[in-house]
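**Q** Below are the chains, spelled out letter by letter.
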Amino acid sequence: MLEGNKTLVCLLIAAAYMMSRQSFAETDCNTEVSIDCGKTPSAIFASDGRLWATFVQGQYVYVSYSDNQGTAFSAPVKVNDLPEDIYTNGENRPKISLGNKGEIYLSWTEKTEGMHTGNIRFSYSLDDGKNFENPYTVNNDGLLTSHRFDQLYTSPSGLIYIAWLDKRDQVNARVSGDTYTGSAVYYAVSTNSGKSFGDNFKLADHSCECCRMAIAPAGRDNAAVLWRHIFAAGTRDHAIALLSKDGKTNGFDRASYDNWQVDACPHHGPDLAYSNDGTYHMAWFSDGNDQKGIYYGRYNFPDGSIANLRAIDAQPGASHPQVAELAGHVFFVWKTYDGERTRIQILESLDRGETWSAPRSVATTDASSDHPILVQHDDRLFLSWHVEQSYRFELLWPESGERATIN
Amino acid sequence: MLYHRWIPLLLVLLSVQVSAEFKPFQADSLKEIQERYQGQAFLLTLWSLECSPCLRELDMLSRWVEKYPGQNIVLISTDDPSVADKAWQLIKKYKLAKLDSWIFSDQFTERLRYNIDPNWHGELPRSYFYSSNHERHGHSGALSEQMLKSWAGQLNATGL
Chain A
1 MLEGNKTLVC
11 LLIAAAYMMS
21 RQSFAETDCN
31 TEVSIDCGKT
41 PSAIFASDGR
51 LWATFVQGQY
61 VYVSYSDNQG
71 TAFSAPVKVN
81 DLPEDIYTNG
91 ENRPKISLGN
101 KGEIYLSWTE
111 KTEGMHTGNI
121 RFSYSLDDGK
131 NFENPYTVNN
141 DGLLTSHRFD
151 QLYTSPSGLI
161 YIAWLDKRDQ
171 VNARVSGDTY
181 TGSAVYYAVS
191 TNSGKSFGDN
201 FKLADHSCEC
211 CRMAIAPAGR
221 DNAAVLWRHI
231 FAAGTRDHAI
241 ALLSKDGKTN
251 GFDRASYDNW
261 QVDACPHHGP
271 DLAYSNDGTY
281 HMAWFSDGND
291 QKGIYYGRYN
301 FPDGSIANLR
311 AIDAQPGASH
321 PQVAELAGHV
331 FFVWKTYDGE
341 RTRIQILESL
351 DRGETWSAPR
361 SVATTDASSD
371 HPILVQHDDR
381 LFLSWHVEQS
391 YRFELLWPES
401 GERATIN
Chain B
1 MLYHRWIPLL
11 LVLLSVQVSA
21 EFKPFQADSL
31 KEIQERYQGQ
41 AFLLTLWSLE
51 CSPCLRELDM
61 LSRWVEKYPG
71 QNIVLISTDD
81 PSVADKAWQL
91 IKKYKLAKLD
101 SWIFSDQFTE
111 RLRYNIDPNW
121 HGELPRSYFY
131 SSNHERHGHS
141 GALSEQMLKS
151 WAGQLNATGL
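Protein chains in written order, with the working numbering: chain A, 1 to 407; chain B, 1 to 160.
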């Protein structure tokens, strides 16, 4: 009798789970608004364990949350009342960040008229995601040009950073008959919980114009950014810098020496994660003359040194790496495609990237898929991955066996 | 009677689905292209609306085609078919509408890319110079007129 009840309970739980996440075949994305039907989601955990996610569907940004680690999501709340054309690709997605008092911050890139143009948009909620303030534009030059590839970060002290790639200097150069290579890296800071942003600060001239940047913590007030830059002779390797709220920086430093001389858009940006020892884990792709494939390196700001440079995967189809550190473990995740299946691979290091485990496949699909994104909460690591018309949010670490020992 | 009012709208909607000017590029389309140019040299160029060096390249190709019409040049847009109209406007702007033009027509773009060349990572523009026996070499980045001249020169030198 008891066994029978257990079976029934299991069946009910399984049925409830299946109903909560409809399969692709049952989902009618013409009528349904959901993270499954939407495009290019981003997700972040609040300190209370609630998972907040943003995505784009049609001409709207939406926010939804999950209290069971991505199994089911709340009814999405529309962020922008007025429709906008919004960039939704692996390199340019809506971003979400949280303040210390439950504020929800969002940024995205609006497509504006003409080719390769856009505005950096920002909105926020102060009532736990029930309502969002009217979005506003953060770039302040009033030019119809490229302000795109936003990155959003909130410091422990509550400062909101948005960094992006900006072509205002190219426009100005053209007006005076000069040429200007690539974009520039600009950023702005809000010191009033998103009510407004201060000046637009220029960090660097001549960034690559079509790759996502990466942003990571730097102490209580600052932020660190990593991006693909155009060095001399059109070499599209990486640069790294620290941002501060008053716009004062020490310039930038070269972070990779791949020697990729190419007059092309790689559409393939890096990732950056803060390490507890004060250094930064970097993950990137290059097809350079000196380094080809997916790479890991650990950057040290004080002396500009790069430690533990490792070639991770030089196979064709290896792409879009992500890196994270938690509880003394470093995780490196990337995507592979072998002509038939896409796999998400993971590596683990217990010595800050000096040595790595053998790669392990943690997710797979034979459908079209977004970039993999790592999301962490306390000492748990999750994979956020949109695959065709379904959103996957899966625990990567600790694995189930290890979890038993932790609990 | 009322239904008749919807027919023109339906026709418009249907015509938006498929752009008459682009051929849909799918998993087996490269084979079709190679068969079409069997025994002939050709240039295959991949481009996208989202890539500014691609526009410089299309501009250069525009001038090249004007100077040397009748060359085998195949263009493939890696954009989503939903922006086919916008992409075609650009093709027309650069006076390249007479070239063989395709657009990626499978959401699974990694598969399409891999079928073209596993060693191509999606950077744009990307070109392949095919010889008449279809040996090819790839190039990432905007082509220059000098590169096309050198390619055309090689073809002439080998009597192809």
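Derived from the structure by calculation, the hints contain no laboratory data.
Errors might be hidden in some of the hints.
Unchecked claim - So the derived list for chain B, only partly shown, Cβ under 10 Å to chain A, looks like this:
1) Lys23
2) Glu57
3) Asp59
4) Arg63
5) Glu66
6) Ser105
7) Asp106
8) Gln107
9) Thr109
10) Tyr114
11) Pro118
12) Trp120
13) Leu124
14) Tyr128
15) Ser144
Unchecked claim - Across the chosen pairs, the derived CB separations fall in these ranges:
16) B/Val83 - A/Tyr136: 26 to 36 Å
17) A/Thr181 - B/Val83: 22 to 32 Å
18) B/Glu21 - A/Ala314: 32 to 42 Å
19) B/Gln154 - A/Asp366: 33 to 43 Å
20) B/Gln26 - A/Asp338: 50 to 60 Å
21) B/Thr109 - A/Thr137: 29 to 39 Å
22) B/Glu32 - A/Lys195: 51 to 61 Å
23) B/Asp85 - A/Cys29: 17 to 27 Å
24) A/Ala367 - B/Ala152: 17 to 27 Å
25) A/Thr181 - B/Asp106: 49 to 59 Å
26) B/Gln107 - A/Asp338: 37 to 47 Å
27) B/Gln26 - A/Ser196: 42 to 52 Å
To be verified - A short list of chain A residues far from chain B (calculated; beta carbon distances all over 10 Å):
28) Asp28
29) Ser125
30) Lys195
31) Ser275
32) Gly339
All C-beta atoms in this analysis are idealised placements derived from N, C-alpha and C, irrespective of residue type, glycine included.
**Q** Against this structure, judge whether each hint is valid.
**A** Outcome of the hint check:
{"no.": "1", "hint": "Lys23", "in the structure": "violated, 20 Å"}
{"no.": "2", "hint": "Glu57", "in the structure": "holds, 9 Å"}
{"no.": "3", "hint": "Asp59", "in the structure": "violated, 12 Å"}
{"no.": "4", "hint": "Arg63", "in the structure": "violated, 17 Å"}
{"no.": "5", "hint": "Glu66", "in the structure": "violated, 22 Å"}
{"no.": "6", "hint": "Ser105", "in the structure": "violated, 12 Å"}
{"no.": "7", "hint": "Asp106", "in the structure": "holds, 8 Å"}
{"no.": "8", "hint": "Gln107", "in the structure": "holds, 4 Å"}
{"no.": "9", "hint": "Thr109", "in the structure": "holds, 7 Å"}
{"no.": "10", "hint": "Tyr114", "in the structure": "holds, 5 Å"}
{"no.": "11", "hint": "Pro118", "in the structure": "holds, 4 Å"}
{"no.": "12", "hint": "Trp120", "in the structure": "holds, 8 Å"}
{"no.": "13", "hint": "Leu124", "in the structure": "holds, 5 Å"}
{"no.": "14", "hint": "Tyr128", "in the structure": "violated, 14 Å"}
{"no.": "15", "hint": "Ser144", "in the structure": "holds, 9 Å"}
{"no.": "16", "hint": "B/Val83 - A/Tyr136: 26 to 36 Å", "in the structure": "holds, 27 Å"}
{"no.": "17", "hint": "A/Thr181 - B/Val83: 22 to 32 Å", "in the structure": "holds, 27 Å"}
{"no.": "18", "hint": "B/Glu21 - A/Ala314: 32 to 42 Å", "in the structure": "holds, 39 Å"}
{"no.": "19", "hint": "B/Gln154 - A/Asp366: 33 to 43 Å", "in the structure": "holds, 41 Å"}
{"no.": "20", "hint": "B/Gln26 - A/Asp338: 50 to 60 Å", "in the structure": "violated, 19 Å"}
{"no.": "21", "hint": "B/Thr109 - A/Thr137: 29 to 39 Å", "in the structure": "holds, 30 Å"}
{"no.": "22", "hint": "B/Glu32 - A/Lys195: 51 to 61 Å", "in the structure": "holds, 57 Å"}
{"no.": "23", "hint": "B/Asp85 - A/Cys29: 17 to 27 Å", "in the structure": "holds, 22 Å"}
{"no.": "24", "hint": "A/Ala367 - B/Ala152: 17 to 27 Å", "in the structure": "violated, 42 Å"}
{"no.": "25", "hint": "A/Thr181 - B/Asp106: 49 to 59 Å", "in the structure": "violated, 34 Å"}
{"no.": "26", "hint": "B/Gln107 - A/Asp338: 37 to 47 Å", "in the structure": "violated, 19 Å"}
{"no.": "27", "hint": "B/Gln26 - A/Ser196: 42 to 52 Å", "in the structure": "holds, 49 Å"}
{"no.": "28", "hint": "Asp28", "in the structure": "holds, 17 Å"}
{"no.": "29", "hint": "Ser125", "in the structure": "holds, 31 Å"}
{"no.": "30", "hint": "Lys195", "in the structure": "holds, 33 Å"}
{"no.": "31", "hint": "Ser275", "in the structure": "holds, 28 Å"}
{"no.": "32", "hint": "Gly339", "in the structure": "violated, 5 Å"}
In this structure, the hints that do not hold are numbers 1, 3, 4, 5, 6, 14, 20, 24, 25, 26, 32, in rising order.
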